[in-house]
Amino acid sequence: MYTLTDVTKTYTQGKRTVVALDKVSLEIPDGQMVAIQGPTGGGKSTLLQMLGALDRPSTGTITFRSNDLSAAGESTLTGVRATDIGIVFQSFNLIPTLTAQENVEMALVPLGVGTAERATRARDALASVGLDERGGHLPSELSGGQQQRVAIARALVKRPAVLLADEPTGALDESTRDEIMDLLEKMWTELGLTLIVVTHDSAVARRAQRRLHIKNGHVKDVA
Amino acid sequence: MFGTYLRRELVGRRKQTVIIAIGMALAIALVILVQSFSAGVKNAQASVLESVYGVGTDITVSQTPEAPSGEPGGGGGAGRFDFGADDGTTTDDGSTAVSQSRLAAERGTETFDAAALDSVLTVNNVAAASATLALTNTTFDGELPDFSEVRSGGAPGDGAAPASGGADGAGGSSFDVNSFTVLGLDPSGDSVGPLSSVTLADGRGLDADDAESTVAILDSSYATSAELAVGDTLNIGGTDFEVVGTVTSTSADATTASNVYIPLGVAQSVAGLEGMVSTISVQAASSTAIAQVKSDIEAALPDATVSSQEDLASSVSGSLASASTLISQLGTWLSLAVLVAAFALAILFTISGVTRRTREFGTLKAIGWSNRRIIGQVAGESTVQALIGGVIGVVVGLGAILIINAAGITLGASATSSTGPGGVGSPGGAGPGGGFGGAAAAVAQTTDVVLNAPITATVIAIAAGIALIGGLLAGAFGGWRAARLRPAEALRSVS
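The listed protein sequences derive, respectively, from chains A and B.
Using my numbering, read the first sequence as starting at 10 and increasing by one per residue.
Using my numbering, read the second sequence as starting at 143 and increasing by one per residue.
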């Protein structure tokens, strides 16, 4: 699915250059569940952004399903994000003025799905995360765990090939954390996704098939 | 989804929507008011000018008057009244009743050769033209004392009572000086010129058969004040004219151009101004041809003063002119300033809104929304906000116009012209047999015009256009700001 070759990402902060990823080479096959761990500022989120086609590396190449994301134009990256990649964020990132149903539908807008089909698919996605009764609620009317379920439904409604989760349980209590992870694992299994989870939480990381540790921009597999 | 998202955002961010809408509403209401007032003032000016020059007159041709000589009775006025020894009727008490009418070119006008009309008619794109001769009739009507008795009454210092009364200081005399304006015009042509803006009130109008007749039609206001009616006789310049009709202005707010209208040829003859005219009214074939016609007439008649309606508008004075100046200067700048402020407000609030929604737009980009779609969303929201303001602005603006129209603001206007009716003459000389200065000292028609600010589709279209431009401008800036956000950075933003 993903092939990263000598991927380096640097940021300039004033006169200082920060190396977030340093010549990272990595392969992530289809259908794998990967956990990425590491200290704060180690490059976890930067790596996830590269995998999510949200940013391009400074040097090196990232190939995703035969697409060279490092050389692709903005419209190609937008297209990849719209069709193949679902993303779940730590703070859910739901649009506060839209209902749960509408938030989920937003992911289908770039695909040009018709109104009726969009509504059906969003309803089904919410039902699959156990929120079929909550479609008309605004995010502010939902608990943290419910909001993250809506975010997962939004990420999955377009039937992506890969689901990226950036600290998906970071804002949740332990019990809700387990519920969300159970849900993600269920989806991964049922939908045959590639699931990549960035986490600080070792309990979450232990659920993954493969664990990567990233520190100072260097990535290594954890046995 | 676009509509749902847009509606939810506008409702959800009510404060921003209200502020942008109010700013835009104020600006649009002001623009509507200024535009409508401006049109109202222009209409009022046109109404005043029409009463002087007639409906459909695009251009007038006249001659700039020469500077007055300064001598009493000079300046093209009624001239002198001369009485011979045998003039007048002596009554039993020895006083002499005298009466004399003089018809002369109106003061402030210059006559010129009527052949100029032929030159004008040969100019390309002249649809119609007619010449007029503006005159003032001044009537001396009075009684002079028996001067032999005055002289024999005693020499100064012999104790006799001094003579009393009499404007001329002669004592015992009394006289009236009356004047009215007379316009000589082509009786067969009323398509252009002063008679095009009148309507018949009584009797009949002038026609081609009247070219040589001593017939007159009167302004109905003048006829009322002079106690004249159809069938009466009016002495003009010593010649009796039969009153055959009365006319009123087609504009409810203005009187007609002159007190009396007589055939041009007769006017020239009675006034001793054969072959002379004072104004030529010209109608161009189309509004686009006015400039060309004006320029060609100027070339054909280099000594003439050729004025278009635009030039003539500057001759309107009084509170109407003050209103016009106020609107064109203060009103325009004020509305422009408020408009710029409203646009700036909309842009700043939209950009600020986009900044507050950085993570939201980052999320949308992360789930596959293109820059174009996001720009469209931002532009759509700001356009709707501006259009809401536009609708409120139109309602407020139209309400204000209706209130102002209902209040019926009256503006005074004077149209300085070479054909306008003159004022009352004033004595220019002294003593019996003296001359009188120009009777028509002022060549301006003063009229009150009720300001009526029109509500036109153009004004509404301008308001809608401004709202649309304001919204799109704010949307363009906001959208540009949103498009520049890099998704990775936008997602890191803390909202």
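Keep in mind that the hints are not guaranteed to be accurate.
One-sided and incomplete, this derived list gives chain A residues near chain B with beta-carbon spacing under 7 angstroms [stated by the list, open to error]: (1) 48; (2) 58; (3) 67; (4) 87; (5) 90; (6) 104; (7) 118; (8) 122; (9) 125; (10) 126; (11) 196; (12) 198; (13) 200; (14) 201.
FRET-style restraints, in silico, Cβ to Cβ [said to hold, decoys possible]: (15) B/479 to A/125: 49 to 55 angstroms; (16) A/70 to B/606: 50 to 56 angstroms; (17) B/474 to A/125: 29 to 35 angstroms; (18) A/136 to B/145: 21 to 27 angstroms; (19) A/76 to B/161: 40 to 46 angstroms; (20) B/154 to A/141: 42 to 48 angstroms; (21) B/161 to A/150: 49 to 55 angstroms; (22) A/40 to B/514: 44 to 50 angstroms; (23) B/161 to A/212: 37 to 43 angstroms; (24) A/40 to B/631: 27 to 33 angstroms; (25) B/606 to A/40: 53 to 59 angstroms; (26) A/21 to B/479: 28 to 34 angstroms; (27) B/603 to A/76: 35 to 41 angstroms; (28) B/603 to A/145: 57 to 63 angstroms.
Hint data in this document are derived by calculation from the structure and do not stem from the laboratory.
Glycine is no exception: its CB is placed at the ideal position from the N, C-alpha and C atoms.
Each hint tested on the structure:
Because the closest C-beta pair between residue 48 of chain A and chain B is about 18 angstroms apart, greater than 7 angstroms, the hint is violated. Below 7 angstroms, beta-carbon pairs count as interface contacts, and residue 58 of chain A has one with chain B at about 4 angstroms; its hint therefore holds. For residue 67 of chain A, the shortest C-beta to C-beta distance to chain B is roughly 13 angstroms, which exceeds 7 angstroms, and the interface hint is violated. This hint holds: residue 87 of chain A has a C-beta 5 angstroms from the nearest C-beta of chain B, less than the 7 angstroms allowed.
Using the Cβ-Cβ criterion of 7 angstroms, the hint placing residue 90 of chain A at the interface with chain B is satisfied: the shortest such distance is roughly 4 angstroms. For the restraint placing residue 104 of chain A at the interface with chain B, the shortest Cβ-Cβ distance is roughly 6 angstroms, inside the 7 angstroms limit, so the hint holds. Below 7 angstroms, beta-carbon pairs count as interface contacts, and residue 118 of chain A has one with chain B at about 5 angstroms; its hint therefore holds. For residue 122 of chain A, the interface hint is violated, since its Cβ never comes within 7 angstroms of a Cβ in chain B; the closest pair sits about 10 angstroms apart.
Among the interface hints, the one on residue 125 of chain A is violated; its C-beta lies about 12 angstroms from the nearest C-beta in chain B, farther than the 7 angstroms criterion. Because the closest C-beta pair between residue 126 of chain A and chain B is about 12 angstroms apart, greater than 7 angstroms, the hint is violated. The interface hint given for residue 196 of chain A is violated, since its Cβ lies 17 angstroms from the closest Cβ of chain B, which is over the 7 angstroms cut-off. With a cut of 7 angstroms, the hint placing residue 198 of chain A at the interface with chain B is violated, because the nearest CB-to-CB distance is about 23 angstroms.
Because the smallest distance between the Cβ of residue 200 of chain A and any Cβ of chain B comes to about 17 angstroms, over 7 angstroms, the interface hint for this residue is violated. Using the Cβ-Cβ criterion of 7 angstroms, the hint placing residue 201 of chain A at the interface with chain B is not satisfied: the shortest such distance is roughly 21 angstroms. The hinted window of 49 to 55 angstroms between residue 479 of chain B and residue 125 of chain A holds, with their beta carbons roughly 50 angstroms apart. The supplied range of 50 to 56 angstroms is met by residue 70 of chain A and residue 606 of chain B, whose beta-carbon atoms lie about 53 angstroms from each other.
Judged by the Cβ atoms, the range 29 to 35 angstroms given for residue 474 of chain B and residue 125 of chain A is violated: they are separated by roughly 53 angstroms. For residue 136 of chain A paired with residue 145 of chain B, a C-beta distance near 25 angstroms keeps the hint of 21 to 27 angstroms intact. Remark: the range hint 40 to 46 angstroms for residue 76 of chain A to residue 161 of chain B is upheld by a beta-carbon distance near 45 angstroms. The hinted window of 42 to 48 angstroms between residue 154 of chain B and residue 141 of chain A is violated, with their beta carbons roughly 25 angstroms apart.
One distance hint, 49 to 55 angstroms for the beta-carbon pair residue 161 of chain B and residue 150 of chain A, is violated here, with the actual separation near 27 angstroms. Roughly 34 angstroms separates the CB atoms of residue 40 of chain A and residue 514 of chain B, a value that falls outside the hinted 44 to 50 angstroms. For the pair residue 161 of chain B and residue 212 of chain A, the supplied restraint of 37 to 43 angstroms is violated, since their beta-carbon distance comes to about 48 angstroms. Evaluation of the 27 to 33 angstroms hint for residue 40 of chain A and residue 631 of chain B yields a pass: the beta carbon distance comes to about 31 angstroms.
With their beta carbons about 57 angstroms apart, residue 606 of chain B and residue 40 of chain A fall inside the hinted range of 53 to 59 angstroms. The hint said 28 to 34 angstroms for the Cβ distance between residue 21 of chain A and residue 479 of chain B, and at roughly 43 angstroms that hint is violated. For the pair residue 603 of chain B and residue 76 of chain A, the beta carbons lie near 50 angstroms from each other, so the given range of 35 to 41 angstroms is not met. Between residue 603 of chain B and residue 145 of chain A the CB atoms are about 41 angstroms apart, so this pair departs from the stated range of 57 to 63 angstroms.
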